[in-house]
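**Q** Assemble the complex: chain F is given as a structure, and chain Z must be docked to it using the hints.
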Amino acid sequence: MPLDPSMPRLHVVTGKGGTGKTTVAGALAVALAEGGNRILLVEVEGRQGLAQLFDTPPLPHVEMRLASANGGEIIGLAVDPEAAMLEYLEMFYSIKRAGSVLRKMGAIDFVTTIAPGLRDVLLTGKIKEAVTRTKAGRPVFDAVVLDAPPTGRITQFLEATNEVAGLTRFGPIHKQSIGVTSLLHSAQSVVHIVTLLEEMPVQESLDAAAELTAAGYRVGRLIVNRARPDLVAAGLLSSTGAVDAELLATGLQLAGLKGTLAPALAVQMGEYAQRQRVQDEADSTLQAAGLPMSRLPDLTPPLDLGSLFELAHTLDVGSWA
Amino acid sequence: MTRSTPAAGRTRPAPPELDIDLLLKDPEIKVIVTCGSGGVGKTTTAAALALRAAEQGRKVVVLTIDPARRLAQSLGLTELDNTPRKVPGVGGTGAGHDGGELLAMMLDMKRTFDEVVLLHTTEEKAQQIFANPFYQSLSASFAGTQEYMAMEKLSQLRDQLVEHGEWDLIVVDTPPSRSALDFLDAPQRLGRFLDGRMIRLLTAPARAGGKAYLKVVSAGFGVFTKVMTKILGNDLLGNVSAFVASLETMFGGFRERADQTYELLKAPDTAFVVVASPEPDALREASFFVERLQQEQMPLAGVVLNRLRTAPEGLSAQRAAAAAERLAELDSSEPAALLAAAALAVQVESAESAKHDQAMIVRFAAAHPEIAQRTVPALATDVHDLAGLRSIGAALAGS
Numbered sequence: 134m135p136l137d138p139s140m141p142r143l144h145v146v147t148g149k150g151g152t153g154k155t156t157v158a159g160a161l162a163v164a165l166a167e168g169g170n171r172i173l174l175v176e177v178e179g180r181q182g183l184a185q186l187f188d189t190p191p192l193p194h195v196e197m198r199l200a201s202a203n204g205g206e207i208i209g210l211a212v213d214p215e216a217a218m219l220e221y222l223e224m225f226y227s228i229k230r231a232g233s234v235l236r237k238m239g240a241i242d243f244v245t246t247i248a249p250g251l252r253d254v255l256l257t258g259k260i261k262e263a264v265t266r267t268k269a270g271r272p273v274f275d276a277v278v279l280d281a282p283p284t285g286r287i288t289q290f291l292e293a294t295n296e297v298a299g300l301t302r303f304g305p306i307h308k309q310s311i312g313v314t315s316l317l318h319s320a321q322s323v324v325h326i327v328t329l330l331e332e333m334p335v336q337e338s339l340d341a342a343a344e345l346t347a348a349g350y351r352v353g354r355l356i357v358n359r360a361r362p363d364l365v366a367a368g369l370l371s372s373t374g375a376v377d378a379e380l381l382a383t384g385l386q387l388a389g390l391k392g393t394l395a396p397a398l399a400v401q402m403g404e405y406a407q408r409q410r411v412q413d414e415a416d417s418t419l420q421a422a423g424l425p426m427s428r429l430p431d432l433t434p435p436l437d438l439g440s441l442f443e444l445a446h447t448l449d450v451g452s453w454a
Numbered sequence: 047m048t049r050s051t052p053a054a055g056r057t058r059p060a061p062p063e064l065d066i067d068l069l070l071k072d073p074e075i076k077v078i079v080t081c082g083s084g085g086v087g088k089t090t091t092a093a094a095l096a097l098r099a100a101e102q103g104r105k106v107v108v109l110t111i112d113p114a115r116r117l118a119q120s121l122g123l124t125e126l127d128n129t130p131r132k133v134p135g136v137g138g139t140g141a142g143h144d145g146g147e148l149l150a151m152m153l154d155m156k157r158t159f160d161e162v163v164l165l166h167t168t169e170e171k172a173q174q175i176f177a178n179p180f181y182q183s184l185s186a187s188f189a190g191t192q193e194y195m196a197m198e199k200l201s202q203l204r205d206q207l208v209e210h211g212e213w214d215l216i217v218v219d220t221p222p223s224r225s226a227l228d229f230l231d232a233p234q235r236l237g238r239f240l241d242g243r244m245i246r247l248l249t250a251p252a253r254a255g256g257k258a259y260l261k262v263v264s265a266g267f268g269v270f271t272k273v274m275t276k277i278l279g280n281d282l283l284g285n286v287s288a289f290v291a292s293l294e295t296m297f298g299g300f301r302e303r304a305d306q307t308y309e310l311l312k313a314p315d316t317a318f319v320v321v322a323s324p325e326p327d328a329l330r331e332a333s334f335f336v337e338r339l340q341q342e343q344m345p346l347a348g349v350v351l352n353r354l355r356t357a358p359e360g361l362s363a364q365r366a367a368a369a370a371e372r373l374a375e376l377d378s379s380e381p382a383a384l385l386a387a388a389a390l391a392v393q394v395e396s397a398e399s400a401k402h403d404q405a406m407i408v409r410f411a412a413a414h415p416e417i418a419q420r421t422v423p424a425l426a427t428d429v430h431d432l433a434g435l436r437s438i439g440a441a442l443a444g445s
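Which chain is which? The protein sequence lines are F and Z, in order.
Using the numbering used here, the first residue of the first sequence is number 134, and each one after it goes up by one.
Using the numbering used here, the first residue of the second sequence is number 47, and each one after it goes up by one.
The shape of chain F in the complex, shown without the other chains (with noise of 0.2 Å):
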């Protein structure tokens, strides 16, 4: 099926630290290459993520096909800042073999590592190249899913090219900013965030939101990852929330198993009722948020390509538009 021209085509994906959003981009990015389209997935933080995912050995900086969906293909990119650095500096001056000089000198470590504002730029820059390349009038990707910085850092690294912009009112740094600037803001360009249904993934992913949004971003959709399933309907708890430990075991050996083990099982209950409401919560909270969402199920690890397609028809892309 082929992507709706409406629809953005660089899905910025951000989330805290452990909430799985490498894994939310890639099954992303197999849902949206579905029916045949040729979908880039891009990670930029030196994790090789995107290799554990897939299961391919780790990603030069080179466009490399990591795997196919349906008729649609998913090419995956590891953008290395000082090789990003050096492309730039080939495609922008012609300046060749400048690596070696810069290396000496210390630049590159400061453009790379010490000054991320630089280094975002650069890495936004390419992301910006690869969203908008074309091949005899077409686009080469129909869309591109960035596996981006965790929430706590993405307005920084998405406003990373305005800043720089503001710090050098003229000259190529400058100019090549406003171009990735404008590509960011546009309706091009949309920004996810995943997160579970926990207290703290929660705040950073509203805080996330509200401080994208304040910068003139827009935010997609808030992916909930790792839901667990409700399991325990409140009907079947007492009004304070406890376990009738000897209708269970009534129940137990019902089932054929012995009654002793009711009194773990129903202290277990108790708990898995409390995380439940907890997951609630959380979901009221981010849902008052106003934001379309998605919910993904904990699937058993360890993930495989199949899982990535699980989660791809979860995620339901077509009724995002």
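Since the hints were derived computationally from the structure, they do not count as laboratory data.
Note that the structure is a prediction, hence the values are computed from the model and not measured.
Worth double-checking, as some hints may not be accurate.
[What the hints assert, rightly or not] Mimicking SDA-like on lysine to any residue, the simulated pairs with C-alpha atoms at most 20 Å apart in a straight line are:
1. 156(Z) - 296(F)
2. 391(F) - 363(Z)
3. 76(Z) - 65(Z)
4. 308(F) - 179(Z)
5. 391(F) - 179(Z)
6. 156(Z) - 176(Z)
7. 391(F) - 368(Z)
8. 391(F) - 209(Z)
9. 105(Z) - 209(Z)
**A** Frame of chain F; chain Z shown alone:
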């Protein structure tokens, strides 16, 4: 205690247990650093350790970085505040207290940087530096600044400990970096940069006064400056140059400073507690970190395997699932049957999660048999108050 491996039934010696109370009570230990990747419960662990130490009679200051709102509230912290403040409801002099005290603070990165500048220069000069656009973005957003400032704050707190004895234990949380190693590496990277060759080049115009600069640069430098000017534009170069020049006159030796703090982390009165959750990514990070500490001969107290999901023993996921099926065949709407069906569904889910988590920590233990470890079960709810922190502290201590 021995643990059998599921594969061959062989037994391996289990790693030693991390004895938290022994660590907290040891008067020789002055600094505890908690580290690990994001989302593993590092900040909560730091707060729980600090509270437990305080309630065992120590005067503790805990430096948190970016805590969850409710955790911050439970410590009485309402805003970014670079001053340690007493946590209400801890210690005291009445019965049952033994003189312990807990102070807490949240790192304010920018203010810490400003303090460093103010400490070393005149008010007038400082204002110039504060107004420099490059300084503004360096102090607010540059990678490594948070780590650098955490280290800086740690050494300030340590100086206060040595000079005034306002506290006798410092517990430090580490910034939520991409990699736990950043805490060790970022400050030196920043120090190296601010002290390095490139900075000298960039500051040459300011030091030599414009035109003279051109005379001193060699051909190689010529290419370099041409490229840098092209990339950065003249404005930024000028700002960086002015900024560094003003810093240099007041306290050169950024690298020296970073190196000193780094050396302090090797001191025998410091203890690292590495925190990980039973997830592949978090454990991989923990392994990297542990190996690095060993390489650098930094004092590792042990690893906390946090948020371990558990399930009652005696009923495997498979048996629970089979029993649930039998129950479903009865098609009973008796309350007892409905209740048991839900309990079995919970057991299937929990036993599977518990098995996964257990397998993860067994694997970690096998890879690091010599490192003291402690598993901490997952709690049903988030921590909102001191009582919650106390129960985590107790779990950390294994009681």
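**Q** State for each hint whether it applies.
**A** Hint check results:
no.: 1; hint: 156(Z) - 296(F); in the structure: 17 Å, holds
no.: 2; hint: 391(F) - 363(Z); in the structure: 15 Å, holds
no.: 3; hint: 76(Z) - 65(Z); in the structure: 16 Å, holds
no.: 4; hint: 308(F) - 179(Z); in the structure: 19 Å, holds
no.: 5; hint: 391(F) - 179(Z); in the structure: 72 Å, violated
no.: 6; hint: 156(Z) - 176(Z); in the structure: 10 Å, holds
no.: 7; hint: 391(F) - 368(Z); in the structure: 14 Å, holds
no.: 8; hint: 391(F) - 209(Z); in the structure: 64 Å, violated
no.: 9; hint: 105(Z) - 209(Z); in the structure: 15 Å, holds
In terms of the numbered hints stated before, the structure departs from hints 5, 8, listed from lowest to highest.
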